[in-house]
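Engineer: Starting from the known structure of chain S, fit chain B with the ligand onto it as the hints suggest.
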Amino acid sequence: MELVVIEKRLIAQDTVAVTLGAATGVLQVASPGAHITISLGELVRHYSLTRGFLAGEPYEIQVLRVAEGRGGSRWIHDRLSVGDRLHAIGVSNDFPLVPSSAPAVFIAGGIGITPFLSMASEVAQSSRALEIHHLVRHLARQVPLPQALLPHLHTYAGAIPDFARLLSKLDPASHIYVCGPVPMMSALRVQAQRLGFPSGHFHAETFGVALAADDPTLEVHLALSGTHFLATPGQPLLDALLAQGAWVGEECRRGQCGSCLVEVLEGEPIHRDALDPALRPGALCACVSWARGPKLVLKL
Amino acid sequence: MQTSPYHVGELRVQQRTGETGPASLNGRNIAPHVPAPARGFVTQQDMVLLGTADPQGHLWATMVTGRSGFAGVSDDLAEVRVRIEDPNKVLEKSAALRGLQANDSIAMLFIELSTRRRLRVNGMLTRADSAALEMHVEQSYAACPKYIQRRKPVEAGHLHPVADGDGTDSLAALVSLIERADTLFIASAGPDGLLDVSHRGGRAGFAEWHDGALCIPDYAGNSMFNTLGNLEVDTRAGICIPDFERSYQWLLTGRACGQFEVEGTEDQTGGTLRRIKFVPVEWVRLPFNTARMWAFVDSSPFNP
Ligand code: FES
Numbered sequence: 001m002e003l004v005v006i007e008k009r010l011i012a013q014d015t016v017a018v019t020l021g022a023a024t025g026v027l028q029v030a031s032p033g034a035h036i037t038i039s040l041g042e043l044v045r046h047y048s049l050t051r052g053f054l055a056g057e058p059y060e061i062q063v064l065r066v067a068e069g070r071g072g073s074r075w076i077h078d079r080l081s082v083g084d085r086l087h088a089i090g091v092s093n094d095f096p097l098v099p100s101s102a103p104a105v106f107i108a109g110g111i112g113i114t115p116f117l118s119m120a121s122e123v124a125q126s127s128r129a130l131e132i133h134h135l136v137r138h139l140a141r142q143v144p145l146p147q148a149l150l151p152h153l154h155t156y157a158g159a160i161p162d163f164a165r166l167l168s169k170l171d172p173a174s175h176i177y178v179c180g181p182v183p184m185m186s187a188l189r190v191q192a193q194r195l196g197f198p199s200g201h202f203h204a205e206t207f208g209v210a211l212a213a214d215d216p217t218l219e220v221h222l223a224l225s226g227t228h229f230l231a232t233p234g235q236p237l238l239d240a241l242l243a244q245g246a247w248v249g250e251e252c253r254r255g256q257c258g259s260c261l262v263e264v265l266e267g268e269p270i271h272r273d274a275l276d277p278a279l280r281p282g283a284l285c286a287c288v289s290w291a292r293g294p295k296l297v298l299k300l
Numbered sequence: 001m002q003t004s005p006y007h008v009g010e011l012r013v014q015q016r017t018g019e020t021g022p023a024s025l026n027g028r029n030i031a032p033h034v035p036a037p038a039r040g041f042v043t044q045q046d047m048v049l050l051g052t053a054d055p056q057g058h059l060w061a062t063m064v065t066g067r068s069g070f071a072g073v074s075d076d077l078a079e080v081r082v083r084i085e086d087p088n089k090v091l092e093k094s095a096a097l098r099g100l101q102a103n104d105s106i107a108m109l110f111i112e113l114s115t116r117r118r119l120r121v122n123g124m125l126t127r128a129d130s131a132a133l134e135m136h137v138e139q140s141y142a143a144c145p146k147y148i149q150r151r152k153p154v155e156a157g158h159l160h161p162v163a164d165g166d167g168t169d170s171l172a173a174l175v176s177l178i179e180r181a182d183t184l185f186i187a188s189a190g191p192d193g194l195l196d197v198s199h200r201g202g203r204a205g206f207a208e209w210h211d212g213a214l215c216i217p218d219y220a221g222n223s224m225f226n227t228l229g230n231l232e233v234d235t236r237a238g239i240c241i242p243d244f245e246r247s248y249q250w251l252l253t254g255r256a257c258g259q260f261e262v263e264g265t266e267d268q269t270g271g272t273l274r275r276i277k278f279v280p281v282e283w284v285r286l287p288f289n290t291a292r293m294w295a296f297v298d299s300s301p302f303n304p
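Here the protein sequences line up with chains S and B, keeping their order.
According to my numbering, the stretch in the first sequence is residues 1 to 300, in order.
According to my numbering, the stretch in the second sequence is residues 1 to 304, in order.
Just chain S, with the same shape it has in the complex:
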């Protein structure tokens, strides 16, 4: 699907909103929580839609400039301008609202608030109880929320709230939606489990590869084929494996589906997926995860 940039504006510190229209034809109407997959040359990036839920409405994405990222956000910030064309691979929704009348609780870290703009707005139009918790490092970076959501918003600037306390005050039937950095999502998942929230009431989404500046180079050994190679940070482990002729499945490439799960025989994974850990015992998602190093032995 070919898109054209209609508008680009700064909405918070280091954050732009990009409005996208169809280059030809009409845009497919999205559902709250949906994301768009855009190909930027070699890179494929996923962004939550913040507009595009009504027929005839353009799409909008909100993008934070990540200096140490792999370049997608920098390119959008520094290069992309009004009138430019973009190729979108598609729109899909891995993070739909689960139909329920129980309270909906959204907990976001930083730019992870974007899927919740549409999801919480949908809830706000119903009679469901709603809470939004937004953790931001700097208030200046908080994106503006629709007026209707402000009465439900709790902002934590520069400080991490006590997750156990936050969750223990919730209605036990609540559906909890989390989007943000992986450590925050994992901490919340652990607390939610400890407090007895059913795992089907905990919903998490990631934003593709989270690179850490201190990821080590890995000595990867493939136990079944007997090959080994060095994996350098920057290239997803999945791509390194495929380049080495190791066969690994893939679908979402953002730690959501589990298609790329690979069994770890030795080594300590750094998990960056959004799957419930119970779904990947002894394995890692090669599309987004890494390992402490130096050695990683995989059953491939």
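In short, the hints are calculated from the structure, not lab data.
For clarity, every value in this text was computed on a predicted model and none was experimentally measured.
The beta-carbon is built from N, C-alpha and C at its ideal position, and this holds for glycine as well.
You may find that some hints are simply not true.
[To be verified] Taking CB as the label site, the calculated pair distances span:
| no. | chain 1 | residue 1 | chain 2 | residue 2 | range |
| --- | --- | --- | --- | --- | --- |
| 1 | B | 277 | S | 57 | 39 to 49 Å |
| 2 | B | 176 | S | 232 | 10 to 20 Å |
| 3 | S | 216 | B | 67 | 34 to 44 Å |
| 4 | B | 68 | S | 13 | 49 to 59 Å |
| 5 | B | 16 | S | 13 | 52 to 62 Å |
| 6 | B | 203 | S | 28 | 58 to 68 Å |
Structural biologist: Same frame as chain S, but now just chain B with the ligand:
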């Protein structure tokens, strides 16, 4: 925008289930040849599932076993070759592979139960005889590892005796296998008779036998709906239910349809309310063609 890799039946199901978006994302992974990284994988395999049509037009899914190295991919990634060992003439007894000839459509699914990896390859036969099958690849892709129960190969030692007569066995024996089966395979055909063979798995007894029909839940998957899509345009289907621990398989052929929004199937389908209803018209029980056996390791944590 590239043209869609899907046919009308698949698109219809994708639309009905509202999964057009994810399907077009996953469609990126369909290649017109075997992906280069899968070449070594194919060579390591010791079994393959075949989807074929017999001369009467009945569809079959058949598990063919071998030794690592029995299957291979050509250097240009365009041909797949499977060597067939059939010391007890087991495969000859089934209509499934008898009568296959060049230019027939064929589907192959390589599936490594110990690592849950799989590769689907569909294409046309360029050679078919009792010693080997060779295929020209038209479509190939990874397919997702969800719902695969892990099993590891164990030495079987000896071959089971071939069943008497035409190998047809009692319905009661089939139903008792269905009640404990956690894995089955289904062959289906798209427009122009292009064949496909897919894996279905779940907890033991996930597929249920009711009034002469096999009901197979369709769990949340890759949104491509190859099987359900095929059944929209062609109701022929073949089912293979292996008994990995006892080294034999049931092959069933018949008609199937997709059922959507089936009330009361919330738990059985993991919330999709979708299932495949298959009515067999013919079946046969066959021992594996070579002395192979697999032992159960664990169930997929994704099973509903
Ligand atoms: S490809 Fe989906 S989790 Fe890795």
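Engineer: Confirm or reject each hint.
Structural biologist: Against the structure, the hints come out as follows:
1. B:277 x S:57: 39 to 49 Å: Check passed, 40 Å falls within 39 to 49 Å.
2. B:176 x S:232: 10 to 20 Å: 54 Å, violated
3. S:216 x B:67: 34 to 44 Å: For residue 216 (chain S) and residue 67 (chain B) the Cβ distance comes to about 39 Å; the hint holds.
4. B:68 x S:13: 49 to 59 Å: Between residue 68 (chain B) and residue 13 (chain S), where Cβ atoms are some 58 Å apart, the hint holds.
5. B:16 x S:13: 52 to 62 Å: Given range 52 to 62 Å: violated, Cβ gap about 45 Å.
6. B:203 x S:28: 58 to 68 Å: 36 Å, violated
Hint check: violations occur at hints 2, 5 and 6; the rest are consistent with the structure.
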